[in-house]
Amino acid sequence: DAKTTQPNSMESNEEEPVHLPCNHSTISGTDYIHWYRQLPSQGPEYVIHGLTSNVNNRMASLAIAEDRKSSTLILHRATLRDAAVYYCILGTYKYIFGTGTRLKVLA
Amino acid sequence: NAGVMQNPRHLVRRRGQEARLRCSPMKGHSHVYWYRQLPEEGLKFMVYLQKENIIDESGMPKERFSAEFPKEGPSILRIQQVVRGDSAAYFCASSPGQTNEKLFFGSGTQLSVL
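Residue numbers (our numbering), protein chains in the order written: chain A, 2 to 108; chain B, 9 to 122.
These aren't lab readings, by the way, just hints derived from the structure by calculation.
Some hints could be false.
Stated by the list, open to error - Here are the simulated distance ranges between beta carbons:
{"no.": "1", "chain 1": "A", "residue 1": "Arg-59", "chain 2": "B", "residue 2": "Asn-15", "range": "22 to 32 Å"}
{"no.": "2", "chain 1": "B", "residue 1": "Asn-15", "chain 2": "A", "residue 2": "Glu-46", "range": "11 to 21 Å"}
{"no.": "3", "chain 1": "A", "residue 1": "Ile-75", "chain 2": "B", "residue 2": "Gln-88", "range": "18 to 28 Å"}
{"no.": "4", "chain 1": "A", "residue 1": "Glu-16", "chain 2": "B", "residue 2": "Arg-22", "range": "48 to 58 Å"}
{"no.": "5", "chain 1": "A", "residue 1": "Thr-53", "chain 2": "B", "residue 2": "Gln-88", "range": "37 to 47 Å"}
{"no.": "6", "chain 1": "A", "residue 1": "Arg-103", "chain 2": "B", "residue 2": "Lys-110", "range": "30 to 40 Å"}
{"no.": "7", "chain 1": "A", "residue 1": "Thr-80", "chain 2": "B", "residue 2": "Pro-104", "range": "25 to 35 Å"}
{"no.": "8", "chain 1": "B", "residue 1": "Pro-47", "chain 2": "A", "residue 2": "Asn-14", "range": "45 to 55 Å"}
As the list claims (entries may be wrong) - No farther apart than 25 Å at their CA atoms in a straight line, the calculated lysine-lysine pairs in the PhoX-like style are these:
{"no.": "9", "chain 1": "A", "residue 1": "Lys-95", "chain 2": "B", "residue 2": "Lys-35"}
{"no.": "10", "chain 1": "B", "residue 1": "Lys-79", "chain 2": "A", "residue 2": "Lys-95"}
{"no.": "11", "chain 1": "A", "residue 1": "Lys-4", "chain 2": "A", "residue 2": "Lys-95"}
{"no.": "12", "chain 1": "B", "residue 1": "Lys-59", "chain 2": "A", "residue 2": "Lys-4"}
{"no.": "13", "chain 1": "B", "residue 1": "Lys-59", "chain 2": "A", "residue 2": "Lys-95"}
Here a beta-carbon is modelled for each residue, glycine too, at the ideal position from N, C-alpha and C.
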């Protein structure tokens, strides 16, 4: 399975946009890009996924580079409830979660 | 619509005992996945099951671990003769079917081996 690289941690002020980057230079042509997040003592929660085109849903937007070697999860207005570990994952069900990006939201 | 239900939430076992972890998928979901999260690490895939079938068990340790998803009832992850290194959070997820669909995760079972 292809590997992803994410920053260990990021901080954001409440009500401001957050851009969480992910590099996946070895992505294959059929790999979907998935984002999940995990709050303490909870299971991961689906955020968004896409293949080639940018995607939007009520939670976030996913911007995918034209060469697909990187992507960015965009939270348009961070809230305290968005503080979590965010995982960028490739492929199907056999996910490798890695250590993700710990997002801290400052009030 | 109830989410993925896992029980127990916490399970304490002594070395050498057996641990049974249960997972009831969301209503209408016929695919179940088990993951393990060691302390300070990300989740790692263990096994993918459909009703009465193991589809992919490439992430399961070769010994002591087994999983099933019977025609009736929850999916069970069974760990025989537990050791301290089995202490981890075990998460179950379910999906309606096709790959690349989003997975719905349960809240996990925290297994502690004394």
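Hint-by-hint comparison with the structure:
Checked against the hint of 22 to 32 Å, the pair Arg-59 (chain A) and Asn-15 (chain B) passes, with Cβ atoms roughly 30 Å apart. The given range of 11 to 21 Å is respected by Asn-15 (chain B) and Glu-46 (chain A), whose C-beta atoms sit roughly 20 Å from each other. For Ile-75 (chain A) paired with Gln-88 (chain B), a C-beta distance near 46 Å fails the hint of 18 to 28 Å. Distance hint check for Glu-16 (chain A) and Arg-22 (chain B): the Cβ-Cβ separation is about 50 Å, which falls inside the suggested range of 48 to 58 Å.
Evaluation of the 37 to 47 Å hint for Thr-53 (chain A) and Gln-88 (chain B) yields a pass: the beta carbon distance comes to about 45 Å. Remark: the range hint 30 to 40 Å for Arg-103 (chain A) to Lys-110 (chain B) is contradicted by a beta-carbon distance near 22 Å. One distance hint, 25 to 35 Å for the beta-carbon pair Thr-80 (chain A) and Pro-104 (chain B), holds here, with the actual separation near 30 Å. Pro-47 (chain B) and Asn-14 (chain A) have their C-beta atoms about 30 Å apart, which leaves the hinted 45 to 55 Å range violated.
Simply put, Lys-95 (chain A) and Lys-35 (chain B) have alpha-carbon atoms about 22 Å apart, close enough for the 25 Å limit, and the pair holds. Between Lys-79 (chain B) and Lys-95 (chain A) the alpha-carbon distance is near 23 Å, which keeps this suggested pair within the 25 Å criterion. Simply put, Lys-4 (chain A) and Lys-95 (chain A) have alpha-carbon atoms about 12 Å apart, close enough for the 25 Å limit, and the pair holds. Only pairs whose Cα atoms come within 25 Å are accepted, and Lys-59 (chain B) paired with Lys-4 (chain A) is rejected, the gap being roughly 30 Å.
Restraint check for Lys-59 (chain B) and Lys-95 (chain A): the C-alpha separation of about 18 Å stays at or below 25 Å, so the hint holds.
Going through the hint list in order, the structure does not satisfy hints 3, 6, 8, 12.
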